[in-house]
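Once you have looked at the hints, place chains B, C and D on chain A.
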Amino acid sequence: MSFLADMDSLVAYLLPLAPHLILIITALIVPAIGFKSGKAAAFFSLGAGLFAIAVTAYMMYTGYKGDFEGLYMFNDFTALMIMLFLVVFCLVVLMSISDSERTKHHGEYFAILAIATVGMMLVCAAEEMISLFVGLELANIMSFALVAFKKNDPRSAEAAVKYLITSGLSTALFLYGMSLMYGFTGTIVINDIIYSLATQEITWAYAVAVTTLIAGSAFKISLIPFHAWVPDVYEGAPTPITTFLAVGAKKMGFIVFFKLFLLMFVVVHFLSAAAGEVAEIHQLQWVFALLAAGTMTVGNIVAISQNNIKRMLAYSSIAQGGYILIVLSVGTDYSMAGGLLHMITHVFMKGGAFVVVAALAARGLGESIDDYKGLAKRAPLVAFAMMLFMFSLAGIPPLAGFYSKFVLFSSAVEGGTWIWLVAVAVVNSAISLYYYARVVKAMYVDKGSTTERFRVPVSFKIALAVCAIAVIVIGIYPGPVMELCEMASFEYINGFLEWLKSSPYV
Amino acid sequence: MIPIELFLLMSAVLFSIGLVGLLVRSNSIVILMCIEIMLNAANLNFIAFASHVGAPLAQIFVITSITVAAAEVGVGIAILLHAYKSKKTTDINDLTSMRW
Amino acid sequence: MEFFEIDIPFMLLLLVLPLIGTAFCSLVKRDANQGAIMFSGFTLAVALVYVCAMWTTDFTESFSTGWIETKYILINFDLYVDGMSMLMIVLTALLVFLVSIFSSSEKHNPRMFFAMLMAMEVGLMGVYMAHDYFLFYIFWEIVLVPMYFLISGWGGPRRHYAAIKFLIYTHVASLVMLIGIFVMVFEAAGASDQLNFTFSAVAAAAGGFDQLFQTAAFGLLFFGFAVKMPLVPFHTWLPDAHVEAPTAGSVLLAGVMLKMGSYGIIRICLEVLPQGAVAWQPFMIVVAIVAIIYGAYACIAQKDLKKMVAFSSISHMGMVMLAIATLSGMGIGFAIFQMFAHGLITAVLFMVCGICGHNAGTREIPLLGGLAGKMPIFAAFMMFGFLASLGLPGLVGFVAEFGIIMSFFEYLLSIDMIWPIIFALAALLLTAGYYLWAMQRSIFGKETDRIDLSDVHDVNKAEGFSLGVLCALIALFGIMPSIVMKLIEVVPLVISGVIV
Amino acid sequence: MEFIQFTWLIPLIPLLAFVIVGLFGGKFKNGLGSVAILSAIAAFVLSAIVSYEYFTGDLFAAGLAYIPEPIEWIAFGTYTLNFGIYVDSLTCVMMLFSSFISMLIFVYSIGYMGGEGKRKRRYYAEIALFLAGMLGLIVSSNYLEMFIFWEIMGVCSYLLIGFWSFKHPDGDEASVKAASAAKKAFLVTRLGDVCFMTGLFVLLWAFGSLDFTAMFDDPVGSLVNGNGTTIMIGTLLLFGGVIGKSAQFPLQDWLPDAMAGPTTVSALIHAATMVKAGVYLVARSYPLFVQNAEMMLIVAVIGGVTAFIAASMALNNMNLKRVLAYSTISQLGYMIMALGAGGYMIATEMAHGAADIDGAVGYTAGVFHMMNHAFFKALLFMCAGSVIHAVGTEDMRRMGGLGKKMKITSWTMLIGCLSIAGFPFFSGFWSKDMIMEAVMEPAVAGAASVFLFLFVLALITAFMTAFYMFRLWFMTFAGKPKDEKLHCHGESPVSMTLPLVILSVFAALSGFLMFFWLNDIITFNVIGGAFVVGGHGHEGMDILHEILYNQWTYVSLALSLFGILLAYLMYAKKAIDPARLNAGGNTRIYRALTARYYFPQLYDEIALRLGYDVAKGVDYADRNLIDGTVNGISNAMMGSSGMLRKLHSGHVQDYVAYMAVGVLAVFFVFYILIMTGGF
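Residue numbers (my numbering), protein chains in the order written: chain A, 1 to 506; chain B, 1 to 100; chain C, 1 to 500; chain D, 1 to 679.
A few of these clues could be false.
Said to hold, decoys possible - Below, a list of computed lysine to aspartate or glutamate pairs in the EDC-like style, where the Cα atoms sit at most 20 Å apart:
1. K616(D) - D627(D)
2. K446(C) - E173(D)
3. K616(D) - D304(C)
4. K486(C) - E72(D)
5. K87(B) - E127(A)
6. K29(C) - E452(A)
7. K461(A) - D446(A)
8. K405(D) - D395(D)
9. K446(C) - D172(D)
10. K374(C) - E72(D)
11. K118(D) - D304(C)
12. K177(D) - D604(D)
13. K71(C) - E128(A)
14. K616(D) - E447(C)
15. K374(C) - E447(C)
16. K303(C) - E72(D)
17. K374(C) - D452(C)
18. K27(D) - D304(C)
19. K107(C) - D153(A)
20. K407(D) - E491(D)
21. K118(D) - D458(C)
22. K71(C) - E483(A)
23. K71(C) - E414(A)
24. K377(A) - D31(C)
Treat the hints as calculated values from the structure; they're not laboratory data.
One chain only, chain A, in its complex shape:
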């Protein structure tokens, strides 16, 4: 009996890491399957991903909150993010099932994918710097490998090299920042770091530390001017991996920002409120505002003149990063909810767009926008889905992208300080409409060279269907998802405030 009891305790002990463990185990098994057939490996990892989602959802549903040795925690916020990454994982796996670009090493491919996902999930869950760093690097290193996976295409290798070097620099910056941070704070537990960051008066060394930290994670989010690698890598990488980077790895950087800086602002405001002063705006919020404005502007403007659709989407996802960064400058839990929501919708619309690209590539269509002319005649449903994703990205109602932008922008209006930022964002999303509409026009209005129809592989069809339905449903009935995000953000920020109140600091 004691054994069973031990089993129970063991389960209880590992429960916070359940989703991670599922994927790790998958990663260990998949290569073995992969030797026999790539498809089987794909379906196995897909199943594992779905199972992990189910488990996470159930844990969240039961309101489970857990902590693993003070290293990793499991709460609504992490659960939501973990599910997000798992969804990305499943999406990418779906896209990879019949990926003609990959010739061999199917098993390894999915294993690496799983490990990368685990890395991102660890970042969500990390409670102190080491595990954060490990998670980041795990995801990073795996993505180099994945980017290079298109053996027969030199562009893939080039992309991998560029990614390797730039991200190496970012890692160095991040690590350097953390080291200095440790110097000031003498701790690597994030909550303590946040508190001392918020309370310490700011010296130039402090500024260096913070700057390098920002730079390190700004690379992941590809903020201006840390974005230069994005178009090349997105173009060169296998399309599923591009998706993985665009809708997955990007979010990792945001989570780092949320973990370090958003909470820091919360503390600042909380303390000033406690001291009965008016909450003045932290300088970093201005920095983030400027970064956001610059990012969305440059991203959108450069995207106008892109002819390769993958590059165009790359720039558009840079711009989307800019939108989400608004959260950092606003720093309310409402805006954070908007940010999370936009992350989720972004998964589906941008992911969907890439699925279309991959699906068409699987049928030998090029990546230039001109190759999409007359698509509405050739593959009506795919074209329709693509139109949905484009308009959703542009923020045309009643689609998911519109609603998340709606919440995001509206949150920035509060207080009136950031209304200029909203204005910039608004103008930008108008500009973005130009190049999104360009794709739609190519598909629906322009005449194609040929009109013979073709059908895309079923796995892509499923992926498309999932994304399209998600985009429509979230657009028309965003209530539940919105509630999830609000719950997560509220729980995240308030949980921290609770900790702060109970902590010896106040």
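Just chains B, C and D, lined up with the frame of chain A:
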């Protein structure tokens, strides 16, 4: 006892050297080494602080980061090899097929 | 009334029928035009039943159901219909029905074409019924997409330029409007951290808005609406869009889409931000006068018949703005009247332009001449439309113009400054001038030899029908304006009550 | 009272005819002209019955008007605008002669427009609408209603003047001219109409209503806002409408051009309907006009000047119809002048606080002359029409000696000329002398020396009228044919000559009506401070006495006789060569007259500068400034996009450099913010 500032200065110099190398050298292997230098500059910081406040956590961090760096280099070399196979060069200035 | 006890589905019909129509038209193998005519016909019937009910008892219908309710956001699916929106709804239903008939012989990708028409109808209906800012904005934006496709898919030579210009320009405007909405909603929410996007909630809190805030918010919203109307100098998307758009597109664009702007001003700006309106009144007056005169003058210089008509609708929407800017119950009433009248008249004008371009092969006035000989019926319709548009008494346009200038006159008397009335009167003269000039050069005079008129044919049955119905209505409401006025009476008195 | 309550049918019958003809006329060969004619006859008969009932009824005896309860047309704000019927003696006279003459003209059209084929339908439809407009205007019971019909008439005139705007019998040139003439007519009258409309605004604001009943009894008392000055402004604006419609100075210019239309249309416009509407408006609004003496002075002066100028322009014109057109303008000037003079008397007396004012001669004379003029001008135009119908040209220089070929036409036309020239005992004689008297009255009363001047103008005009009318007659009918090529196919068909004969009777004798019937009908008195139209007239014998024992009568008579004689000498006897007088048409005055005192050039210039040039400027600004800005922005976007994308050079070390720069930038921004403490 040696003042901590010296260590910080040292690591800063190391970091800068790495960055400059990263900027000017064209051989991708060397660039990889520069990155290593920068990482180690950070590690030096950690060690310095650790000995300064006498906390073990930082040393754990250093060990971890060395491991990670090793992994990174491993994958990095593999990728460079792959690039060399397809492009027959280790000069990153030849890797400019994707631009604009 | 008993009949409307079961009104929940009944009111939604106005949205659902076109929606089904859209799906139907895009899915059927052929005869999409029949589908469009059928569904728009049903919608029209429903709208007419409503308007009759309204005409007997001037009631206002509303329908509300929860939609999105979270910790931070409350958005309801609220619909509300009163005289003003009813007029616009009937107009929409009528015009969509008529243009579906008018262009029922569309050859190029008819399924898509008629699907787009029906989609337009959904959006327009929604805008005029929505009573929740989120909903309002959604429909407001939905309208853009089908119009974009109509222009860029079935338009003239420069259609891509015109379409994208239309899309971006109006999109920017609506986003600015959206900011205005956010600002208002936040102000209304006050301390509570739940943003309530329903009209009713904002209206309830509107009393507490202070002058400065109202002025600012009014500015944001007004810009959004002004681009849509459009007012000079935010109008340049309109002529291009009109010139390139297919006839059906132009008719809906000028007939009901421009009205969205003025509708918004009356429905939102004036009801919620009266003090802001007062603060902006001088500006509005000036802008309106500029639009009127500028539009009229621009018309004189135009070579393209359709472009001329486009500018004329800028001028006439300026009239609407002028009436609204008087901020008097009478003025707003006649603004609505003019919106309705202009909707009917401009539809005729654009249909005529379309026929001219299609049958005679060109719309360039210098190339035309003496068409009346070859196409008498066309000439008759054209003349009727032009005369109606220049405000001939006995036709609907006159009533509107008379009332608008009268209310403007009263406003001027109230501020002891009469001379600006000159502009309004000059506009009347200019309008007559460019219409008569265009008529003289296009349908009168010696038969042109610059284009080949050997095989031109007169209007066909479908075109004749739609034009005939419109002309009949123009005459009817011109002779018995009280029919329309009775519906309007419900609205502006309420609003003018709000005006401080 | 049975029929009078069906007065609303009078305008409605022609309106129905318009609808019927317009819809179904195409099916029939003669375009359902019969329907139009029948409607005119019906309208005339009905108006005759109505008039009879009104005059025999006790309302007339009581000096009241028949005003049934109006129906509400539209209500807004505090105002209610109605549609109603207003029948008093003025209404009756107007509708009687206009419907009667229109009826004759319609009949005449059978012959005249015989050759039009399919387009008869359009013609008949439009003239029916025209008549409907006029009758509606006459019976309407408030100004807005009046304005609506007024405008409808304007459109009809536009359509009818432009009837030949494509496929003109005289070829393309003429058709282009017709089109532009139609446009001019509409625009000029539109200018007047805008004044009219503004007047409506002022009055509506002042009285709070536009119903005659509300405005006419003691107007100053029934004011809601404003004062006498407001009425002055309002009436002035109304009179602006009159100037446009009745082609008074300075807007007289459109009427001669309007000759481009068919002659029947000219007859309709000049005799029965359109231009009379202006005079009618003045007569109808007398209660408002007489509130201010200055107002009436203005009216009178405008009338006198118009009369003189128009007559002078007719002196040397060679176009048959244009001469008639000028004569119309000048005769209208007479009427307006008379109304002004009469009103001036009343106004001054009212200003002195007289409660009972004996009816103004001016009013009677003006309306009376309007009726007579209707008869003889219709006659003249129809004669001219039948001449043109016969010879196919309007140029008098090519005519001559037609008298032998067209007996009836020439004789009837002679009657017309005598009548308009004021030859004794023809209708024109009486009314013109009453006008002289009316103008003289204030002059001798010393109220204003202006009237002396006007009187002189009137005298000269009388002389000129006689001269140019007979010049016309002699050049056309007397002598021998000048142009051999000109083929004249004899007398016109009976459908055309019959109306001529009937009208000539009226033109000759209608003047005598004044002595036993009209004297008690065309009157305007102030009794007990209230305005009374009709009744309380002078005895016919008194009027006769007045005229015959007035020395000025003989002066004017002498002048007109001299004019006739002069014309005879110049154009029939050829004793005097006109060329000697005007140096072969090279004197400045001659050229000024042929150029109509350069009015057309002036107006064209104004229209060009104020209209087209400004429009060009606006268009330029629109294309380049406003739209240029919009396109400029988008181009700037494109350009910067093209430039920025070049930064992505593909060299990874550049990317690293950007990152390094980025780090520094973030650091410095952050540090500066720390120093400055945020924005």
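Restraint check for K71(C) with E128(A), where alpha carbons must lie at most 20 Å apart:
violated (31 Å)
Taking 20 Å as the top limit, are the C-alpha atoms of K71(C) and E483(A) close enough?
Since the Cα atoms of K71(C) and E483(A) sit roughly 7 Å apart, the hinted pair holds (cutoff 20 Å).
Is it true that the CA of K374(C) sits at most 20 Å from the CA of D452(C)?
Holds: K374(C) and D452(C) sit about 12 Å apart, inside 20 Å.
Check whether the Cα positions of K486(C) and E72(D) lie no farther apart than 20 Å.
With Cα atoms ~12 Å apart, K486(C) and E72(D) stay inside 20 Å; holds.
20 Å Cα cutoff - pair K446(C), D172(D):
holds (5 Å)
Just to be careful, I want the Cα atoms of K405(D) and D395(D) compared with a cutoff of 20 Å; is the pair within it?
holds (18 Å)
Proposed proximity, D458(C) with K118(D) (alpha carbon, max 20 Å)
holds (16 Å)
Need the status of pair K303(C), E72(D): alpha-carbon distance at most 20 Å?
violated (43 Å)
Holds or violated: K446(C) and E173(D), Cα atoms, limit 20 Å.
Answer holds: K446(C) to E173(D) is near 8 Å, not above 20 Å.
Keeping to a limit of 20 Å between CA atoms, is the pair of K374(C) and E447(C) held or broken?
Cα-Cα ~8 Å, so holds.
Please verify whether K27(D) and D304(C) have alpha carbons no more than 20 Å apart.
violated (36 Å)
Does the structure keep K616(D) and D304(C) at a Cα separation of 20 Å or less?
Since the Cα atoms of K616(D) and D304(C) sit roughly 14 Å apart, the hinted pair holds (cutoff 20 Å).
The structure fails to meet hints 5, 7, 10, 11, 13, 14, 16, 18, 19 from the earlier list, while all remaining hints are met.
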